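Asker: Listed here are the chains, written in short residue letters.
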Amino acid sequence: MKETFTNSIPASYNKYIKRKILIIFLVILVTILLAMYAINAGSAGISTYDVIKTLIGKGSERFKIIVWNIRMPRVLSAIVAGTGLSVAGCVTQSILRNPLASPFTLGISQGASFGAALAIIVFGAGTTSNPDSVIINNSYLVVIFAFLGSMGATLIILMLAKNFKVTPEAMVLAGVALGSLFSAITMILQYFSDDVQVASVVFWTFGDIGRTSWSDLAIMSTVVGLSLIYFMLNRWNYNALDSGEETAKGLGVDAERIRLIGMFIASLIAATITSFVGIIGFIGLVGPHIMRRLIGSDHRFLIPASSAIGSLILLASDTLGRTIISPIVLPVGAITSFLGAPVFLYVLSRGYKK
Amino acid sequence: MILNIDGIEFSYSSVPVLKNIRFDIKRGELLSILGNNGAGKSTLLKCINKILKPHKGTIYIEEEDILKLDRVEIAKKIGYVAQRNENGRFTVFDAVLLGRKPHIKWDVTKKDLKIVNDVINKFNLDKLSLRYLSELSGGELQKVVIARALAQQPLVILLDEPTNNLDLKNQIEVLRIIKQTVKEQNIAAIVIIHDLNLALRFSDKFLLLKDNSIYAYGGEEIMTEENIEAVYDIPVAVERVHDIKVVIPL
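Note that the protein sequences, when read in sequence, are chains A and B.
Note that UniProt numbering has the first sequence beginning at 1, numbered continuously upward.
Note that UniProt numbering has the second sequence beginning at 1, numbered continuously upward.
Just so you know, the hints here were simulated from the structure itself, not pulled from any lab data.
Source: prediction; values computed, not measured.
Pairwise CB distance ranges (calculated): (1) A:G124 with B:L67: 54 to 62 Å; (2) A:I328 with B:K111: 54 to 62 Å; (3) A:L348 with B:E226: 55 to 63 Å; (4) B:D70 with A:L100: 27 to 35 Å; (5) B:I222 with A:L348: 49 to 57 Å; (6) B:D233 with A:V343: 57 to 65 Å; (7) A:L100 with B:K169: 35 to 43 Å; (8) A:P99 with B:D233: 37 to 45 Å; (9) A:L26 with B:K111: 25 to 33 Å; (10) B:I222 with A:P99: 45 to 53 Å; (11) B:N186 with A:V343: 52 to 60 Å.
Note that CB positions come from ideal geometry on N, CA and C, so glycine has one too.
When you get a sec, could you build the whole thing from the sequences and use the hints?
Answerer: What follows is the structure, given as structure tokens:
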């Protein structure tokens, strides 16, 4: 009996599934290799041998500090933040049925900037006493305000969606409107502040993976990890939503509820990551779309695949950003788009030829 | 009786769309809902599987009150083919596999895969099973979404204009498969259709909707010139050609 069941599945379909799994594993493998390189690379002049020695606890004190306190949190943050931003984009695109959607279309980044600006300008967080340098000490006030700003934007949109039953299209438009409202308030705040404060706000928005500590990383990992589990549990629901609202309902999906919870969780991921590392916008768009081209829209595979490619893109961008003209570190948000956009355009052109 | 609908009322923000709808359907029957645009056909179909919640009335499927079941339970009993369908980057096999969603707990089982494979073969979609939906023709896509609803293994299948955008050959083929499945699996189908001749060829029962309520309901005997003229506001002749009843608009 078992035999006939196995035979009834077309061998080509099994092969197709295996190919998808292989692609996901390849991306993860490249990410791991790159992570090893990234721990190694930098201006401190540590050899691979020293890194390995330090990792197994036999390195010198100086190497220990560099590897464990600076590079490891940085590399792991890039992986976690990349995973989170990409998977949040993947799910948002599905539930809002909009290929351009990501939590950032819902006003998250502008909300976070507004929060950070408020903390820096009004509450004096993040600026330094030395007027020659603009350093954001990773003030928890800035992090908390940025988080509140971005979640504020999210909650306004979710309330609109819930109480007025607006369509997904209207939600995207509401996000754009809310985003420009927050930008406007931020601009007015900046207008009435001094140049150091303005520079601090601008610097904050650039996005910098190097800001995170181990405890920040722990918070990000928890949020991203739990969200990933939730998204995977709902993978069939997202597949159903991709087939159209009514079809999904006919398949037993409570479309409104799945949409509201999904948006809340995707926004929570983006808000958490953005609060800690600043605005890194392009990954949520480019990551899922690259994987859609390669393995299709089936969320059973697209969710893990988007996560993997997101961490790879962010890690690659960050590593490039801090090594290309070392010791100067380029803002990772810019590098992400710089690397991602050409790859994205290439994948799009290839995908449409087929 | 597999489905019994009694006294359904529905309105969109106080504009009544359905008034006192009552009918029933037996196992092995195919029922066509006929009527002009805006008569309430699609709304009626969506009320049956609670995509829209009727304000009044009851819907029983085999002694069970549909309006008291949750969505997943309804989806195990009623399949639904919407009028419009998205065609994303899903393969035909995965699109049909989605029909197993109400039955899937954590992951697909071999039984799910076998059901999907059987449905795909029945619709002659096996050669297309790894194609993306976006690469299919209108007729092929229509077959895929009907196959998905049948993979749900429902007791009743609701189809909103399943022959739209199909050529002559595909119209007949799709309705033949629906009819055959209804007979073989002893389930029931409710179809919204605009082509009266197709309806006459394949239906066991007819429901004529006019001005949001039932104008006539019954077997082929209600498909008279008078009834059709009254419902569609156009003079027609009903004749027999090759022993098949046909409607000719005059």
